[in-house]
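These protein sequences, in sequence, are chains B and Y. Position one of the first sequence corresponds to residue 2 (our numbering), numbered consecutively onward. Position one of the second sequence corresponds to residue 10 (our numbering), numbered consecutively onward.
Rather than coming from a laboratory, the hints here were simulated on the basis of the structure. Keep in mind the model is a prediction, meaning the values are calculated, not measured. We put the CB at the ideal spot given by N, CA and C, even for glycine.
Label-pair ranges, simulated between beta-carbon atoms: (1) B:Gln58 x Y:Asp56: 38 to 44 angstroms; (2) B:Val95 x Y:Asp56: 31 to 37 angstroms; (3) Y:Gly76 x B:Lys89: 34 to 40 angstroms; (4) B:Ile27 x Y:Arg67: 45 to 51 angstroms; (5) Y:Val48 x B:Leu64: 54 to 60 angstroms; (6) Y:Thr95 x B:Leu105: 32 to 38 angstroms; (7) Y:Arg50 x B:Lys46: 55 to 61 angstroms; (8) B:Ser49 x Y:Lys87: 53 to 59 angstroms; (9) Y:Arg50 x B:Glu75: 57 to 63 angstroms; (10) B:Gln86 x Y:Thr95: 48 to 54 angstroms; (11) B:Ile113 x Y:Lys33: 21 to 27 angstroms; (12) Y:Lys87 x B:Gln86: 57 to 63 angstroms.
In silico DSSO-like cross-links for lysine-lysine, where the CA-CA straight-line distance does not exceed 27 angstroms: (13) B:Lys12 x B:Lys52; (14) B:Lys63 x B:Lys52; (15) B:Lys12 x B:Lys63; (16) B:Lys91 x B:Lys31; (17) Y:Lys51 x B:Lys106; (18) Y:Lys77 x B:Lys106.
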Amino acid sequence: MKEYRIGDITKQTGMSADTLRYYEKIGLFKTIPRNGSGVRVYSEKHLSQLKFIQRAQKMNFKLAEIESLLQMREDPQHARNEVRQLTKEKLEEVEAHLTVLSTLKNELELLINLCRGSDNGCPIIENIDKKDE
Amino acid sequence: MNNASVNIEVFCAPNCDRCESAVKSLKDTIRMIDASSVVWRKVNIVDEFDYAVELGLRATPAIVINGKLMFTGKPDQKTLVETIATMITSVNK
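The following block holds chain B by itself, in its conformation from the complex:
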């Protein structure tokens, strides 16, 4: 099984070493095992969890919520009802974001193609101006 030092994790995730130590301190995940020299040794699973945390943070989930979701991720079969309910709520939030993102993607795609179709001027600017009015 692949093992990582804290420096490897910071490189792969972009998280600072302080953030990683903080997450451990507040119990976001279980204590990271140390090697004989007392250096933290992260596993693939830790890396996966950290990437999950990053994604959840991009969705503005709170750390307490992320902690619960990590519990669900760890042992989905035995998750408490509250955690299961929270997971459902977060799924709904993500789906709502996807709808917004999908519409935005379509809008941007159309704007790009409008510009491509125009010999003079760019309707993007005009449209943004109109929306700001």
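We have chain B already, so just place chain Y on it with the hints.
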């Protein structure tokens, strides 16, 4: 038989030569067929952007017939005539 109409919307971007060409092509087509059954309008996409996105437009020019996106880009005259004629037949059934 009733006289229901075929509703055609041509979506154009400002300063888009291809869009103007599509409008001209549509006008020519309508002249060639039963124009009384066709209601059409030119839509400035900048003015009705949300509507365009809702219809699934991805580029201009685009031709929407009876609320359905039928052509993206300028269709050839023959295809346009055939499509509109088919629509007229189906709404007048």
